[in-house]
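Chemist: Below, each chain spelled out in residue letters.
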Amino acid sequence: MRESSVQRWNLWSGLITAVTIICAVIWAFPLYWAVVSSIKPEDEVVRPYIELWPETLTFQHYIHALTATQIGTWYLNSIVVAVGVTVVCVFTSMLCGYALSQLRFPGRTTLWWIILASFMVPTQALIINHFELIANLGLVNTWIGTMLPQFIHPVIIIVYKQFFDQVPRDFREAALMDNASEFAILFKVYLPMNWGVTTALSIVCFIWTWNAFLWPFLSVTRTEMMTVTVGITQVNDAFGVYYARELAAAVLAGLPVALAYLLFQRRVTEAITLSAGIKG
Amino acid sequence: MLQDRRKNLLVALALIAPFAAIYALAFAYPTIQMFRISFTSAPLIGAGDWVGIENYTRLGKDPLFSRAVWNTLYFVALTVVPGTLIALMIALGVSRLAGRLQALVLALFFLPYILPVSVVYLIWDWTLNFQFGIAMHVLDWLGIPRIPVTKSRTWFMPAVAWVTIWWTAGFSILLFLAGMRAIPAEIYEAAALDNASRWTTFSRITWPLLRPVTALVLTIQLILQLKIFDQVYLFSIGGRPNENMVLVYYIFNKAFQQNQGGRAAAVAVTLFVIIVVVSVLQFQLLRLAGRRRQ
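Going line by line, the protein sequences match chains A and B.
Sequential numbering of the first sequence, starting at 3, is according to the working numbering.
Sequential numbering of the second sequence, starting at 5, is according to the working numbering.
Note that these hints are calculated values from the structure, not bench results.
Glycine is no exception: its CB is placed at the ideal position from the N, C-alpha and C atoms.
Please note: incorrect hints may appear among the correct ones.
[To be verified] Which residues of chain A face chain B? A partial, calculated answer using Cβ under 7 Å:
hint, residue
1, Trp29
2, Pro124
3, Ala255
In isolation and in its complexed conformation, chain B is listed as follows (with noise of 0.2 Å):
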């Protein structure tokens, strides 16, 4: 019996090894050593001294930082709720569709998410192109003056959030419609039945049976949105980079082309903090979510 406990050791740490030897290095001593470098002067390779909090209070006198804060939090606002919602109307949409009809509108509007940021970049940039942009076209007969929407400070965001939204509904959609299979048919045959209106069946049906999924879905854009950096900074090439400041975008900024390490690892400490307080949220979210529809 005994050996059989050894042997059963023996073999659940061969099988755990190879994943927890990866780990290790790649994931716990790295985090260890954002924490670490955080309270020192080190650059982005090599040791620093110890400075304490320093780099964390300099934050709050960096104008930089608090523009990469409130650009961060911009982003979000025009990203999360409203990418939402577009995604909860196409997927009401797409599910009242059937079969082939069905599984070729959800590639439509699927297909954008399973592309990579650098491509998506390059078709909007060019859709966007001020000179020769299929939307300047769509701007002239509209009887709108062209806006060149990369370089200019009141369109970049918006503009980057549309394209972030048009990138990502895909994922939404997708658990929006996992989420609407999920509601049992025969509530609706009993709502038909009352000759319940179509305004009626949604928001007292669908609505409410559908808000584990909404909570969820808003949670999971929440974290993505605020660990913004790809689209940014794309199109931020060979405009105004420190304008569209956001915060990974400072992190990757003063670790990799000020190569100050220990105050990017501040800033790093800051994000990694935010975004576990939200995800734990969205544990508690899925928990929730999980036993409702058992």
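So that you can see chain A by itself, here it is in the shape it has in the complex (with noise of 0.2 Å):
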């Protein structure tokens, strides 16, 4: 009797186990169906019955893609932009974080409380009003521009304070003791401490800006200016109506930020619960 119920039990807990994987591959497949549709010569991809695997693989469309479209312009714009932002956000952010955690100050609560409602304001809300205030400072088709809204993520600074604010109070008073400054402070002692989470928000603030798609979008008119996850949909003719160059082109766009998760997978999840304000 007993012995039956456990192996109920355990052929249960097989067939859930079994449903879950089976899942996660149907969930993956349009991935993976890309990725082998771009390797396929335009003629295997029309096909009218599915082959999991190409019969003659090519790689003629990525050659096409990097050779004869601008998506190495684009690539440089994305790269720029993203690493641009990602620097500039994490380490404003970093200082303020520091600040609000560590000093007394007059306004510290009001800031702290600026901060905590930026989080709820939608950024797609402030299209107009950006692209004025780019427009009027003649950053229309730069960098600078594309960048320019995208330097403010308050919950980086949010997450921030959370860590510092966790650093037992010994280390600060022994360094104050000897005369550290609030610079040394920081960059010697908290800094280091905290090198884990500074990684894990520098990769989703690189992922975020990489992905980012309406204001990079509006940013820019000129096809050389644009990153290259506007680029791959705006210009049409790059492609034309080549199935598999398109899809060629989507597997670079994507490869950057799929291989920061799948070397970072840890750091990334992470980043990403935090930022929901949860701590995992």
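Join these two chains into a complex; the hints should help.
Modeler: See the structure below:
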């Protein structure tokens, strides 16, 4: 009696596990299908039946994307914008988070509430005035113009403050005894103790910026200034109605972020959970 | 002592200044401008005349605006609750796995979330392609006639909603998994000793303890989906953007395609207010969730 219920339990467990794995494979299948289609010759792509692996494997679509389209330029734009935003955003947020966490100054509580409140503002509502701003500054079709509104991620300050709050006070007091300046304490004590969260936040900030669509789409009108995520959808004649070429471009556009995720899986998931306000 | 406090203030100012400068320029100023020009007849760039609340009252008479509101609400209805339920079921399945297998399965579910929306669009545009898409082969097998999904009035929103769920579920799954990990193992051990059934364990332990996380996921989803633009815009290329109008699309259309900054700003302010209200709600839930876990 007991034994059979244990067996049934195991059967159920096995079944649920199998269903989960099958669902995961189906879930990720469109990704696989896009990649496989991009390494088939164009005439195989449009065959009326499903072939899970190409009959003739070819990289011609990638060569076409890299040599005959502007994807290289878009890549450069994306890298400059994403790295620029990440460096400026993480650095300024770290300084501000440190001040909020460790220093006592008039207006501190007000600043904290302003940052918490900004967390709620939908940047989509600001597109008109962001555009007006960069137009007045003459920054349409420039890297800086594409970067400017993306420099602010209040959540990064919030996460930094939480982490700096957790550093034991003894470290700070010992450093102050040695007459260390606040900058020295931040860069020699607090930052090294929080390298983990700094890397995690930098990676997700890079991913967010790389993936941004609406603002880079609006801030640029010239094709040679587009980021790769915008370029691959806006310049139709670059790929024509060649499905495989389009998919090869999609794979190239997604590759850096997919790699960043696969290489730093734990850090990325950690930072994403943190950004939702939950400590994982 | 006094000198110390002054020094402290200067250091604090130096640390905050870079952020404050960017914030004032790229955040505070545009926000104030948004409110201001929503009461004027300004074009996209440049000044306009003061028109009071006319931009707001005209919205009520604009059929395109009401379509944008309805489509946004329809999209929210199609994504928020269904997406959260799907993510919860996946998270329950993934949480039972262990070690490398769990990491692998989680990665398969999570990978779409990490991709840019334009890549997600191209992948699904190809998958749903009327002539060659693999989804159409599946329909053929099932004996259902093929549907030109992105050109169809009936199926456009459900299809975009499904793509959105596929794209964003990974995030909700992560939050659910974090919530499940926070439930102490002893509770499950006690339940096992009492020979509690699988369903009892779920309905009496897992589900009640996950309620704060569920509320959080629902509000995050709600805020995210109210701001829908990218997918609708991309799938409407070469289709019927006016049929598929949503709120952010309306802002884009009025400001950037019709050069009516003031009227677009009125919609932006409306969206802004809705989202701030929902976010305040979310903030309260977060505090509640934080208190529960301690």
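Chemist: With reference to the structure, classify each hint as holding or not holding.
Modeler: Going through the hints against the structure:
1. Among the interface hints, the one on Trp29 of chain A holds; its C-beta lies about 6 Å from the nearest C-beta in chain B, closer than the 7 Å criterion.
2. For Pro124 of chain A, the shortest C-beta to C-beta distance to chain B is roughly 5 Å, which falls under 7 Å, so the interface hint holds.
3. The criterion of a C-beta within 7 Å of any C-beta in chain B is met by Ala255 of chain A, whose closest approach is roughly 5 Å, and the hint holds.
In terms of the numbered hints stated before, the structure departs from none.
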